[in-house]
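Chain by chain, the residues run as shown.
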Amino acid sequence: MPVVNKLTGTPCERPISLSSDTNETMPAWKKQLYKRQPFPDNYSGGDECFLMELRKNVSAVKYSFGSAVGGACHLMLHLNFVLLYFLLFEAIYAKSVQSDVVLWSFVAASTIAYGLYQVGFHRPEKWAIQEHILVFLTLLLFGYALTPIIRTLTTTISTDTIYALAIFFAVFSCIFHDYGIKAPIVSVPVSVSCGLCSSVLLISRLSDSESAFLLLSISFSLHSLLPTFQNALMLKIPAIECLICVVLSGICCYALVFFDPVLTILWAILVVFVVVLCPSLLISLQPRKRTIHGPWDEAVPARSASELLK
Amino acid sequence: MNAIGGQLEKYSVTYRTIDERLRAEKGFPWVFALVLDCAIGIGVAHLLKGLDLYEIVWPFVDARIGQLDEVITWLLSNPVGLKLNEPLNTALASFFRYHIYLWHTFVRMLRVPAIWANLPLALYAGISFAAALFADLVSIFSMHIVCFYIYALRLFLLTFTSLGSLWRAFRGQKYNPLRKRVDTAHLDSRQLFLATLLFVVLLFLAPTVTVYCFVFSMLRWVVRGFQLAIERVAELQCYVHMILDRFRSE
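Heads up: the sequence lines are chains A and B, in that order. Heads up: take any position in the first sequence, counting from 1, add 1, and you land on the numbering used here. Heads up: take any position in the second sequence, counting from 1, add 5, and you land on the numbering used here.
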């Protein structure tokens with residue numbers, strides 16, 4: 002298909018020059034690299050035609066404020082859950098909460114979530130009941146068997162080191178977490194393992210095996226099972242997720258008051274920053290996007306035949 | 006018979022010494038070595054006349070066993086300021102203590118005065134033969150140290166190979182023995198759970214295992230060094246041959 006000069010409408014194969022007798026001295030330039038033409042090798046149609054094939058912002062995605070806030074809420078929800086886990090550990094360690102209460106609310110919450118997942122987001126060929134029962138049994142048997150060993154692991158290490166390491170591993174796990182978007186840094190094994198590592202370090206400080214096992218199961222659900230549920234929820238109904246995020250942030254801030262009011266303020270600042278400031282920053286900077294594409298781009302091989310046909 | 010011979014040759018210094026002596030070419034050096042051997046042997050026997058071997062060896066063995074027990078007690082209570090994992094430490098210490106008790110019972114079977122009264126007679130057969138016998142006796146009496154070394158080393162290797170494999174699983178990788186390289190592994194939640202838990206548990210138990218391995222390796226190497234020194238004496242015949250050859254060639 003001949004390239005057309007958008008200004009004048011004439012095909013670009015012929016250089017437009019001011020003199021009228023160009024036909025005798027300079028033949029038309031054709032965009033055919035296999036042909037020997039009297040033009041230099043890097044001639045590409047001259048000034049008039051060179052930038053005519055320029056395209057701007059071809060692959061730029063225009064985000065709406067709602068979707069940006071939705072994504073930010075997804076991230077914030079996970080961070081809230083991690084903070085809630087730490088708060089739960091602190092509460093159980095200080096014995097300000099009965100582990101029975103925690104146990105039954107955890108059982109209720111997981112049953113509801115599992116039921117919702119199976120009914121609402123169920124893709125029939127993906128998971129089977131047997132697999133779920135196997136996971137449950139593995140968690141029960143091996144977790145309960147290894148909990149007494151875990152409780153004796155860190156008696157010789159100072160508490161400060163344990164807390165610092167636990168926080169470090171939790172942050173590490175948040176970095177590599179699967180937030181439902183394909184990115185090169187996402188690594189599910191690293192995220193799950195770091196999360197479990199942080200929780201193992203924490204529960205090694207507890208004084209009885211039952212609450213230790215309870216926290217271990219909560220951590221396992223949080224890092225292994227919850228991402229699946231959360232990502233499915235984000236795909237289906239993002240609005241509910243935003244609502245849960247806001248509610249949970251409120252709960253976290255309220256719970257943090259019992260530890261240190263400064264932490265409440267810090268957490269509130271973080272929530273506002275992530276959920277409100279960052280999306281608005283993105284939206285305000287979006288019109289400045291200026292990527293140019295042209296015939297000088299590197300050729301990208303199509304991944305499959307179906308892409309070629311698109 | 007050949008298999009037994011092979012095993013004996015591998016473990017018994019006495020067998021090796023006698024075998025070598027019988028197989029060497031019988032010429033002047035051989036006779037000279039034999040005579041020198043017996044001469045030194047008779048001299049040493051004369052020096053040690055009146056020495057009751059039974060009274061020397063058995064208290065020594067008891068003292069060594071007591072010392073080993075003390076080493077285990079030392080391991081139980083913050084050795085070199087290291088804080089070892091309590092339950093594992095207690096379990097390993099009880100295991101080794103029981104092994105020492107079994108060993109002590111076994112070794113008491115050798116507590117027959119008749120044997121110990123007649124052992125110095127071996128000196129008359131040549132000092133190399135006596136040294137070889139002594140080396141074998143040391144070997145028998147330190148068999149438990151070799152056992153401990155083997156247990157501790159096996160435990161250590163098991164811990165560290167498991168740690169390496171679990172560390173790869175922690176990062177979502179596995180070793181591909183077919184291609185001899187590390188590949189990505191697709192692990193489901195159960196496998197990840199177990200891998201992480203076992204990794205953390207083994208990581209914290211590794212220092213205890215390392216300390217035990219180190220202590221028993223040191224003990225074993227000290228004993229082995231002493232045994233090697235005595236084996237050099239048992240090889241007196243070889244040295245004599247070497248010296249005579251050198252004199253001949255000059």
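Treat the hints with care, as some may be off.
What the hints assert, rightly or not - On the chain A side, residues computed to face chain B include the following (Cβ under 8 Å):
1) THR153
2) LEU154
3) LEU271
To be verified - With a straight-line Cα cutoff of 25 Å, these simulated SDA-like cross-link-like pairs (lysine to any residue) come out:
4) B:LYS179 to A:LEU226
5) B:LYS88 to A:ASP209
6) B:LYS179 to A:GLY251
7) B:LYS185 to A:VAL191
8) B:LYS88 to A:LEU88
9) A:LYS237 to A:GLY251
10) A:LYS183 to B:LYS185
11) B:LYS179 to A:PHE143
12) B:LYS179 to A:ILE186
13) B:LYS88 to A:THR153
14) B:LYS179 to A:LEU147
15) B:LYS179 to A:ALA184
16) A:LYS183 to B:LYS179
17) B:LYS179 to A:THR157
18) A:LYS290 to B:LYS179
19) B:LYS88 to A:THR156
20) B:LYS179 to A:PRO185
21) B:LYS179 to A:VAL191
22) B:LYS88 to A:LEU147
23) B:LYS88 to A:THR157
24) A:LYS183 to A:GLY251
25) B:LYS88 to A:ALA184
26) A:LYS36 to B:VAL238
27) B:LYS179 to A:VAL189
No lab work stands behind these hints, which were simulated from the structure alone. Keep in mind it's a predicted model, so treat the numbers as computed, not measured. All C-beta atoms, glycine included, are put in the ideal place defined by N, C-alpha and C.
Here's how the hints hold up against the structure:
| no. | hint | result |
| --- | --- | --- |
| 1 | THR153 | 5 Å, holds |
| 2 | LEU154 | 4 Å, holds |
| 3 | LEU271 | 28 Å, violated |
| 4 | B:LYS179 to A:LEU226 | 23 Å, holds |
| 5 | B:LYS88 to A:ASP209 | 22 Å, holds |
| 6 | B:LYS179 to A:GLY251 | 42 Å, violated |
| 7 | B:LYS185 to A:VAL191 | 23 Å, holds |
| 8 | B:LYS88 to A:LEU88 | 30 Å, violated |
| 9 | A:LYS237 to A:GLY251 | 24 Å, holds |
| 10 | A:LYS183 to B:LYS185 | 30 Å, violated |
| 11 | B:LYS179 to A:PHE143 | 22 Å, holds |
| 12 | B:LYS179 to A:ILE186 | 19 Å, holds |
| 13 | B:LYS88 to A:THR153 | 12 Å, holds |
| 14 | B:LYS179 to A:LEU147 | 24 Å, holds |
| 15 | B:LYS179 to A:ALA184 | 22 Å, holds |
| 16 | A:LYS183 to B:LYS179 | 23 Å, holds |
| 17 | B:LYS179 to A:THR157 | 32 Å, violated |
| 18 | A:LYS290 to B:LYS179 | 42 Å, violated |
| 19 | B:LYS88 to A:THR156 | 9 Å, holds |
| 20 | B:LYS179 to A:PRO185 | 19 Å, holds |
| 21 | B:LYS179 to A:VAL191 | 13 Å, holds |
| 22 | B:LYS88 to A:LEU147 | 21 Å, holds |
| 23 | B:LYS88 to A:THR157 | 6 Å, holds |
| 24 | A:LYS183 to A:GLY251 | 29 Å, violated |
| 25 | B:LYS88 to A:ALA184 | 43 Å, violated |
| 26 | A:LYS36 to B:VAL238 | 92 Å, violated |
| 27 | B:LYS179 to A:VAL189 | 15 Å, holds |
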